[in-house]
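S.K.: Residues per chain are reported as follows:
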Amino acid sequence: MAFITMRQAISDALREEMKRDDTVFIMGEEVGVWGGTYAVTRGFYDEFGPRRVKDTPISEMVIGGAATGAAMNGLRPVAEFMTINFAFLALDAMVNHAAKVHYMFGGQMKAPVVFRAPGGGGRQLGATHSHTPDVIFAHFPGLKVVSPSTPYDAKGLLKAAIRSDDPVLFIEHATLYQLRGEVPEGDYVVPMGVSDVKREGTDVTLVGYAQGLQVALEAAEKLAREGVSAEVVDLRSLRPLDMGPVVKSFKKTFKAVIVEEGYRSYGIGAEVAARLQEEAFDYLDAPIKRVAQFEVPLPYSRDLEQAALINVDRVIAAVKEIL
Amino acid sequence: MEKATLLEWYRQMVLIRRFEQRCSDLYSLGKIGGFLHLYIGQEAVAVGTIAARQPGDHVITAYRDHAHALAVGSETGPVLAELLGKATGVSKGKGGSMHLADVNRQYWGGYAVVGGHVPLATGLALAEQYKGTDNAVLCYFGDGSTNIGYFHESLNLAGVWDLPVVFVAENNQYGMGTAVERASAVTRMVDKAPAYGMEGKQVDGMDVMAVYEATSAALQAIRDGKGPQFLEMLTYRFEGHSMGDPLRYRTKDEVEKWREDDPIGILERYLLKENIADREELENLDKGVEQELVDAVQFAEESPFPAYEELFTNIYVED
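Respectively, the protein sequence lines represent chains A and B.
Each residue of the first sequence is one higher than the last, beginning at 571 in the working numbering.
Each residue of the second sequence is one higher than the last, beginning at 699 in the working numbering.
There's no promise every hint is true.
[To be verified] Part of the chain B face toward chain A, derived, beta carbon under 10 Å:
# : residue
1 : L822
2 : A823
3 : N854
[What the hints assert, rightly or not] What follows is a list of derived Cβ distance ranges for each label pair:
# : chain 1 : residue 1 : chain 2 : residue 2 : range
4 : B       : G728      : A       : A887      : 38 to 48 Å
5 : B       : E1008     : A       : E788      : 46 to 56 Å
6 : A       : E752      : B       : P1002     : 41 to 51 Å
7 : A       : E600      : B       : E1008     : 22 to 32 Å
[To be verified] Below, a list of computed lysine to aspartate or glutamate pairs in the EDC-like style, where the Cα atoms sit at most 16 Å apart:
#  : chain 1 : residue 1 : chain 2 : residue 2
8  : B       : K829      : A       : D757
9  : A       : K589      : A       : D757
10 : A       : K589      : A       : E617
11 : B       : K729      : B       : E1000
12 : A       : K818      : A       : E865
13 : A       : K680      : B       : E1000
14 : A       : K818      : A       : D873
15 : B       : K829      : A       : D592
Hints listed in this document are in silico derivations from the structure and should not be mistaken for laboratory results.
These numbers come from a predicted model, not from an experiment.
No residue lacks a Cβ here, since even glycine has one placed at the ideal position from N, Cα and C.
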């Protein structure tokens, strides 16, 4: 067992998959000579060479489309968007092509491509570089969307994504790159579409993923000191969404707070809350609460930006409202 | 050029022409839904280019895609069945007119977002280069596509990475109802190629032999290591952009002038004038095409619609 950062876990997964399978290659802006804007692919260019680590022009539309085309023709590209904010430019390639070709052509072709994209706010990058737009991508059947909260999940989920015959968007919350956690030696896979109980509890269910999950865990820890036992469920995958562990937990606690960094309107919380009332109506003891980003473009100034984002205090306050 | 080859091109062009006319009829009867874009007038481009490809070369195009399916040799029945939304269609009735594909014949399909398939073509070519093959990709798009970002990003990437793609601009003079000069700052599509390190060549897209020669040369240039190639096929669609086109944007005189260059007529006159074939031989080919289409219509009409369960299959490879 090693105690490594999420950055390292993601890097290890990429390296191990590239060694295992020659059809796996990396393409994106500054992934090669530079070593990756967030240093995830540092050393890869020297290790694997330009055939397998491809620096692209600043051209998101063709990064998305060419990765999809290469996947259709037998490769397993891992295409990196420098940030998820730039993936908007590739949205058409992702949702109209990667997510559609298998269905639209009656199963004749598949597109086993992985799109990697760091995302999230909290780094004073201003309105255009701080989006958490995960739910937009998760809206479309045909694309799988995963976003890990721990180094362990990051490594296992990325391996599952690369080995999958379906297109996957792998979202990495940039503030989690330095997060450390235990990762076993050797090969393992965390299946996509499987939610995970990260902390057991009895009084309230906190649902989250990625950075929101870490906020929920910290809130649970503080609540425990006040005698409140919170169960924390990590969605890990937004599509397919595994409600099983969430519903199971809710039937035990009768109360839920959903924590997400994206906007509240039309968000993950809205989806999870809707499904909870559909699947566990008789267990509702209180309104389902949502803790999400305020509905403003994220500003640059540090305190102002932080005020718009989710935090532990807001989660605790939400829990106390329904206890 | 061998007689058998020329006659086969003639047969394919007639097949495409009459297939499209059948589609128009079936659309009027309400048996084909959605959008329907006919290839009538442009037959020489699909036939001449695809005739030049070697086994292993790929084909991918936009939404005016019936001709490419027929030219790669897809069976007429399943192609027509797709348009009728039948389970026996090439895409199982899930794609329709704009989304035909036949991957067994390296035909990756028609794509309906203008320009959206150009990066896919670039990716198909990237995979061939990565695997170390000699195969290339024929990527077709209209003049209208050359104004979208996809086009420019794809040509640039192909140029930077030396990808084996022949970019085939089918310049039929109009993007829907907007004439080239009203939409593009340069009116010759080939003038866009040098920006991406390609020379580009304008070709008479109504002359199937010229199309074939130019495409063969382009494919050879790629295999000789000269990188991606760009061809501008000067052509014209005799019918509207799609069914229900009011045709307000061009004059009858203009259409009539182009019709004098009917690609089937050009080849027919050549075959007769050079005594390569007589009228009877051509009529026999026409009859064969008619029978093929009668059979195709019957096949498509008699085929079942997809079962309800099909709605939920092929969303993911792994469910």
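S.K.: For the pair supplied as a hint, K829 of chain B and D592 of chain A, confirm whether the alpha-carbon distance does not exceed 16 Å.
M.R.: holds (10 Å)
S.K.: For the pair supplied as a hint, K680 of chain A and E1000 of chain B, is the alpha-carbon distance within the 16 Å limit?
M.R.: Violated - the C-alpha atoms of E1000 of chain B and K680 of chain A are around 30 Å apart, more than 16 Å.
S.K.: Does N854 of chain B pass the interface hint, meaning its C-beta sits closer than 10 Å to a C-beta of chain A?
M.R.: Result: holds, 6 Å to nearest chain A Cβ.
S.K.: Would you settle whether the hint for L822 of chain B is holds or violated, based on the nearest Cβ-Cβ distance to chain A being less than 10 Å?
M.R.: holds (5 Å)
S.K.: The hint names A823 of chain B as touching chain A; please verify it with the least Cβ-Cβ distance against 10 Å.
M.R.: At 8 Å from the nearest chain A Cβ, A823 of chain B passes the 10 Å test, so the hint holds.
S.K.: Please verify whether K818 of chain A and E865 of chain A have alpha carbons no more than 16 Å apart.
M.R.: violated (31 Å)
S.K.: For the range 22 to 32 Å, tell me whether the beta carbons of E600 of chain A and E1008 of chain B fit it or not.
M.R.: Given a distance of about 43 Å, which is not inside 22 to 32 Å, the answer is violated.
S.K.: Against the 16 Å threshold, does the CA-CA distance of K589 of chain A and D757 of chain A hold or violate the hint?
M.R.: holds (12 Å)
S.K.: Under the criterion that the straight-line Cα-Cα distance not exceed 16 Å, is the pair K589 of chain A, E617 of chain A satisfied?
M.R.: holds (10 Å)
S.K.: Keeping to a limit of 16 Å between CA atoms, is the pair of K818 of chain A and D873 of chain A held or broken?
M.R.: This hinted pair is violated, its Cα atoms lying about 38 Å apart.
S.K.: Evaluate the given range 38 to 48 Å for the C-beta pair formed by G728 of chain B and A887 of chain A.
M.R.: About 60 Å separates the Cβ atoms of G728 of chain B and A887 of chain A, which means 38 to 48 Å is violated.
S.K.: Given the range 41 to 51 Å, decide if the beta-carbon distance of E752 of chain A to P1002 of chain B lies inside it.
M.R.: violated (55 Å)
Against the hints set out earlier in the document, violations occur for numbers 4, 6, 7, 8, 12, 13 and 14.
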